[in-house]
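Trainee: First to last, the sequence lines map onto chains A and B.
Take the first sequence: its position 9, counted from the start at 1, is 9 in UniProt numbering, and no numbers get skipped.
Take the second sequence: its position 311, counted from the start at 1, is 311 in UniProt numbering, and no numbers get skipped.
Don't take every hint at face value.
[What the hints assert, rightly or not] Not the full set, but computed from the structure, chain A residues with beta-carbon under 10 Å of chain B:
| no. | residue |
| --- | --- |
| 1 | Asp-39 |
| 2 | Val-40 |
| 3 | Val-41 |
| 4 | Ser-63 |
| 5 | Ile-64 |
| 6 | Lys-65 |
| 7 | Gln-88 |
| 8 | Pro-89 |
| 9 | Glu-90 |
Since the hints were derived computationally from the structure, they do not count as laboratory data.
Think of the CB as a built atom: it goes at the ideal place given N, C-alpha and C, for glycine as much as any other residue.
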Amino acid sequence: MSFDIPEELRYLDSHEWVRTTDGTARIGISDVAQDELGDVVFVELPDEGEEIDAGDDFAVVESIKAVSDVYAPVAGEVTAVNEALFDQPELINEDPYGDGWLVEVELADPDELASLLTAEAYADEIDS
Amino acid sequence: MHYDQARWADEDRYEPLLIEKRSETVEIDDAPLPAELTRDEITMAAPAEPELARHYTRLSQETYGVDSGPFPLGSCTMKHNPALLERVATDENAAVHPDRPDESVQGTLAVMATLQEWLGRIGGMDAVTLQPPAGAAGEYTGLLIAKAYHERQGEDRTEVVIPDSAHGTNFASAAMAGFDVVELPSGDDGRVNLEALEAAVSEETAALMLTNPNTLGLFERDIETIAEVVHDAGGLVYYDGANLNALLGQARPGDMGFDVMHYNVHKTFATPHGGGGPGAGPVGVREELAPYLPAPHVRETEDGAYERYEPEHSIGKVHGFEGNWLVLLKAYAYVRRLGDEGLADTSAKAVLNANYLAERIDFEVPYGPFHHEFVASAGDRDAANVAKHMLDHGVHPPTTKWPELVEEALMVEPTEAESKETLDLLAAAFDAAGEADADALESAPRRTTARRIDQVEAARSTRLTWQALDEDED
Numbered sequence: 001m002s003f004d005i006p007e008e009l010r011y012l013d014s015h016e017w018v019r020t021t022d023g024t025a026r027i028g029i030s031d032v033a034q035d036e037l038g039d040v041v042f043v044e045l046p047d048e049g050e051e052i053d054a055g056d057d058f059a060v061v062e063s064i065k066a067v068s069d070v071y072a073p074v075a076g077e078v079t080a081v082n083e084a085l086f087d088q089p090e091l092i093n094e095d096p097y098g099d100g101w102l103v104e105v106e107l108a109d110p111d112e113l114a115s116l117l118t119a120e121a122y123a124d125e126i127d128s
Numbered sequence: 001m002h003y004d005q006a007r008w009a010d011e012d013r014y015e016p017l018l019i020e021k022r023s024e025t026v027e028i029d030d031a032p033l034p035a036e037l038t039r040d041e042i043t044m045a046a047p048a049e050p051e052l053a054r055h056y057t058r059l060s061q062e063t064y065g066v067d068s069g070p071f072p073l074g075s076c077t078m079k080h081n082p083a084l085l086e087r088v089a090t091d092e093n094a095a096v097h098p099d100r101p102d103e104s105v106q107g108t109l110a111v112m113a114t115l116q117e118w119l120g121r122i123g124g125m126d127a128v129t130l131q132p133p134a135g136a137a138g139e140y141t142g143l144l145i146a147k148a149y150h151e152r153q154g155e156d157r158t159e160v161v162i163p164d165s166a167h168g169t170n171f172a173s174a175a176m177a178g179f180d181v182v183e184l185p186s187g188d189d190g191r192v193n194l195e196a197l198e199a200a201v202s203e204e205t206a207a208l209m210l211t212n213p214n215t216l217g218l219f220e221r222d223i224e225t226i227a228e229v230v231h232d233a234g235g236l237v238y239y240d241g242a243n244l245n246a247l248l249g250q251a252r253p254g255d256m257g258f259d260v261m262h263y264n265v266h267k268t269f270a271t272p273h274g275g276g277g278p279g280a281g282p283v284g285v286r287e288e289l290a291p292y293l294p295a296p297h298v299r300e301t302e303d304g305a306y307e308r309y310e311p312e313h314s315i316g317k318v319h320g321f322e323g324n325w326l327v328l329l330k331a332y333a334y335v336r337r338l339g340d341e342g343l344a345d346t347s348a349k350a351v352l353n354a355n356y357l358a359e360r361i362d363f364e365v366p367y368g369p370f371h372h373e374f375v376a377s378a379g380d381r382d383a384a385n386v387a388k389h390m391l392d393h394g395v396h397p398p399t400t401k402w403p404e405l406v407e408e409a410l411m412v413e414p415t416e417a418e419s420k421e422t423l424d425l426l427a428a429a430f431d432a433a434g435e436a437d438a439d440a441l442e443s444a445p446r447r448t449t450a451r452r453i454d455q456v457e458a459a460r461s462t463r464l465t466w467q468a469l470d471e472d473e474d
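Please model the entire structure based on the sequences and the hints provided.
Mentor: Here's what the structure looks like:
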């Protein structure tokens, strides 16, 4: 089975992704993660304005198989949460890198991005 | 054996609600209460008596219980609930008000004190409280006792160590009691890894929670060393009584080094599970923890009477009065009926039945030797589909997909109550699912009242009341 791993994103080996635009980072879970979890039925997200640290379990994704914590790849203040997920958690399964995003944060330290996995390195992680 | 479950359906709805069958609207002219608290009319179900009786009979036909067929739900010990216990619990002498003075309810208190003593003897514990209303409530009570004990020693211990294969309630009870949970990875053999345990235990350790045999049905061979490691660090060792059915009359948690334990009377002592009535989760402790038991506690006085009192450092109440008395009375009747020999025979047959069934079925059982339960693997099949296929054989399926140590786990506990013929029927249901092709697995069940349930839809748009069904149609 092959998974979609967009080239332009950065990843954690715990299957979160980050997309950065002008100091803002959008965070979600990868195609591998949504496939492993199965049908997502519930999502718990932080509030806007909340400060999260890299490595924090900042969100919870629940599927019919499991309840999983989602870890923050980067630190920052939460500037937006994807409220559409509260009514349509299935967006995570349907479009994990698009409409299924979780939160946006104002990057506290842009240098942190350098420590994240590239698409290539993440793909190697999954294969191993 | 061919099985078809009853299906009383009206269009797409199963047996309708009573109020949908026939209702009457009653008007009330002058209620003797303020107008804002009253209504002018009310619509109520108005079935004729035969309709009422048939309604509940049909509902019972459209569900499945341990009186319908075998119920080998692993970790749950779904044993037969003898009719004798119901008779004892409905005896009018058992219906006493809990506020009556001690001298007027000596018989009731004598039964409680005797059950405390028997449970203590069965578990190797010095004192037992009957108050907690369920197994998880027992865990919570036991941990509160551990906390109060440590505090009284002047120690502030914040962590509870729990193996990754433990029952989910252990983690929840520890968190509810205000502890941080330290998860202990299982060893390759499915048992506690001593090195991992030594690394996890520290001066912060309040307790280790363990069940033995464990969730895979395996006996913890190093149990005495495990207890010693925790005791050396100043922690207590807690026994989750979920799997006590494997040990009855054979071995005692107290002798293995456990300091606190709970008993699941609905598992080990044949009282009903869940909907069959309230639960009870007595807790046993070692002598030095006895002063912390919940109040009121029952004891025999020097002159042979029975009284309720508050233990010296009691953690207080965890439930009303002396606990769920009628459930405890059933447990008392069960122990009294079986006696020492009967209890030892119970665990021996529970282990024999599990081993016979595992031998009969054509599924891999990766961990052993196991005792009262075993965890088979559905391999590359979806364990949930195997379970749904088994429903069509008139049996309840095993627990599925847990523990996660086993791929597509099927956790099976037939209990001592089933005959060889019933175990053969169960084995046939397992093997039919094992041989079924993908289409048959994915379209099962076909013979049950409710067919394939859409679990995703049920979880995404949960409707828990019949009014919600109507809202959904709007």
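Trainee: Evaluate each hint against the coordinates.
Mentor: Hint-by-hint comparison with the structure:
Satisfaction of the interface hint for Asp-39 (chain A) is found here, the shortest Cβ-Cβ separation to chain B being roughly 4 Å, below the 10 Å cut-off. The interface hint given for Val-40 (chain A) holds, since its Cβ lies 9 Å from the closest Cβ of chain B, which is under the 10 Å cut-off. The closest approach between the C-beta of Val-41 (chain A) and any C-beta of chain B is roughly 4 Å, which is under the 10 Å cut-off, so the hint is satisfied. Below 10 Å, beta-carbon pairs count as interface contacts, and Ser-63 (chain A) has one with chain B at about 9 Å; its hint therefore holds.
Proximity of Ile-64 (chain A) to chain B holds as hinted, the smallest CB-CB distance being about 5 Å (cut-off 10 Å). At its closest, the beta carbon of Lys-65 (chain A) sits 7 Å from a beta carbon of chain B; the interface hint therefore holds under the 10 Å criterion. A hinted interface residue such as Gln-88 (chain A) counts as satisfied when its beta carbon comes closer than 10 Å to some beta carbon of chain B; here the least separation is about 9 Å, so the hint holds. With a cut of 10 Å, the hint placing Pro-89 (chain A) at the interface with chain B holds, because the nearest CB-to-CB distance is about 7 Å.
About 7 Å separates the beta-carbon of Glu-90 (chain A) from the nearest beta-carbon of chain B, less than 10 Å, and the hint is met.
When the structure is compared with the earlier hints, no violation turns up for any of them.
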